[in-house]
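Protein chains in written order, with our numbering: chain B, 1 to 253; chain U, 1 to 395.
Quick caveat, the hints were computed from the structure, so don't treat them as lab data. Every residue gets a Cβ at the ideal spot worked out from N, C-alpha and C, and that includes glycine. Be careful, since some hints might not be right.
Unchecked claim - Label pairs and their in silico Cβ distance ranges:
hint : chain 1 : residue 1 : chain 2 : residue 2 : range
1    : U       : Arg-132   : B       : Gln-248   : 25 to 35 Å
2    : U       : Asp-55    : B       : Gln-80    : 15 to 25 Å
3    : U       : Asp-333   : B       : Met-98    : 28 to 38 Å
4    : U       : Asp-266   : B       : Lys-234   : 40 to 50 Å
5    : U       : Leu-201   : B       : Gly-172   : 52 to 62 Å
6    : U       : His-92    : B       : Val-220   : 48 to 58 Å
7    : U       : Ala-267   : B       : Arg-247   : 21 to 31 Å
8    : B       : Arg-247   : U       : Asp-266   : 30 to 40 Å
9    : B       : Gly-32    : U       : Ala-143   : 52 to 62 Å
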Amino acid sequence: MDSETVIRVKNLVARYGDKVILDGVSFDVRRGEILAVVGRSGCGKSTLLRHMLGLEPISSGEVLIFGQNIGRCSGPELQQLLRRIGVLFQSSALIGSMTLGENVALPISEHARLANTVVHDLVHMKLCMVGLAEHARQLPSQLSGGMRKRAGLARALALSPEILFLDEPTAGLDPITAAQIDRLVAHITHSMGTTTVMITHEIESVFNIAQRVIMLDPTVRGIIAQGRPLTLKKSSRDPLVQQFFNRQPFQVI
Amino acid sequence: MGAWAFEPLNGHRKSMPESATVSDKQFALVPGKGGALYVYLTGNIDVQSASLLIDKLPPLIEKHTPRRLTVDLDAVQHFDDFGALLLFHLKHLMSGLKGHFQLHAVPPHVAEVLTMVDFAGHKKCRFPQKNRPLNFLVRLGGAIIDDAANIRFSLSFLGDILISLVHICRHPRSLRWDDSIFHMENSGVAALPIVGLISFLLGLIMAFVSSLQLRQFGAGIYVAALVALAMVSELGPIITAIIFSGRSGSAFAAEIATMQISEEIDALHTMGFDPVRFLALPRVTASLVMVPVLTLFSDLFAIAGGLMVGTLMLDLTASAYISKTLATLTLFDTLWGMFKSVVFAFLISWVGCLRGFQARGGPSAVGRAATSSVVTSIFLIILFDSIFAVIRSTW
Ligand SMILES: Nc1ncnc2c1ncn2[C@@H]1O[C@H](COP(=O)(O)OP(=O)(O)OP(=O)(O)O)[C@@H](O)[C@H]1O
Ligand SMILES: [Mg+2]
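Isolated chain B, as found in the complex:
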């Protein structure tokens, strides 16, 4: 694993009980790139993410992040590693009893030794980035779904992580806000050298900001195609890939 490979997934098998969701998935993520993970609903994208973060036990295969095997890290090592990673969950996973500002401040005040006023400034800055600065004092239950998503993104960005995992960052957003979020992700990745793994259903954002894309499919329980988005669209002969990029309904082939 060279220094430019930040994440390496090797022959990962993911299962819930007896049900195998992913069977032997392998891919690399390189430093500073945006990797889009696409695929039909229920094909195991969120499952892949949970396994990459060590939230589910890995039944076979391995996930290396910064060269460290996520499945075999000891508790403190894992903590150390996860601190360098920001995650936006599909359901946003904001803490319901805390205001937006407190949600974003939570990792900052826990991990970066900063004075309270500085934390406030930083939280304000992060919320500005996602356009929620006026809502800092509201509870998650007082926000719309799209606003919660953006707040989740602000929290994922809180510690300026080296790796960003985003599970459908633009789902439920209007096209304008979605494009802004795309641009923000691209900016962050570009200017701070962040590495981003982004699960998405938006073909637009795949073409706009992703350098590479991998496509999962439930029929093979793994990757059916990977490469540069445009190349895939133009040259892949796989009908599933073509259907996906051209937004055709699924047909049995």
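With chain B held as given, fit chain U with the ligands onto it using these hints.
Below, chain U with the ligands without anything else, positioned relative to chain B:
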């Protein structure tokens, strides 16, 4: 950038200037002419280092009381929004000192981060202060209005349940029997061990404590009468109701509150279900059936506890104890106890469901609903029990 003297460096520089007054691995301060101060930053100015710099730099700069601060970013490598925060702090510091602030030799990647966080337009921010506590009268008024709304909702909910119950008596098929049976099992059958154990111990304690007194008069046999009467007409219904409210009433509240805050109840509503009939009725009917049954068991277990004390400590025979118990109890006492337990069952399930439906907000609302259902139902149980006692004594 503005036109200002920038003496110590010419051309490209990747190391610290030598004329620095204070220097560190990451920064150097160089005073210039006419109150100018140059700050050179090097290396990674990011989440790792920025917090230290935010602590260290401002006091050092303040010591110079510069009229013009120039921050040179030429040698900065990794830079993120924590770095931007540092610059922003310095900028704010200078505006506090009524001085001039400038950036110099901004590398492209730093410039990109600065644009992203809107460095130029960024204002010093404070979260709005916590709302000041309102005037006492305003709060009192608010509380009264809330309580009134609360009472209205509670009464209309009570009406809903009663109407639905009547409806079910007339059309028994409209009840969701599967759910009702599930709840009977969950909150009734599963509660039997704990109800039994607590009642048994209660009977034991009562018999033991009273035996100490009664034995002195040679009236040990009256222990049987005391335990039976106290349990069947008073303690049995109350203790069962209290256990039931803690075990199942709170569960009703928490389940329904969870559904409420995650819009599941709204979903039921839009699908044309009546949430009260769908969720509350199975729980209410299950309670109405199970609480009296549990009460009966509670009575039996308590009598068994008394029996144990009677035979082991008072040298009574089991048959003497039981026949005294039977002689003491009247059918009316038993039915009266059952009647009370039905009323308690209704109160507990009504309050549990009510608190669930009233829940609003986030996850903490679920906890509040559960707590308040237990507190309210215990209060109501005691209140109604006293009312029943008055009714009986004036009978
Ligand atoms: N906790 C779980 N237990 C059992 N099966 C699960 C669990 N979570 C997910 N699954 C199954 O795993 C499969 C993949 O789910 P996953 O959430 O990863 O899909 P996804 O690709 O993220 O879909 P979407 O795009 O809709 O979010 C699904 O078939 C789902 O039924
Ligand atoms: Mg998913």
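Quiz prompt | Violated hints, by number in ascending order, as checked against the structure | solution = 1, 3
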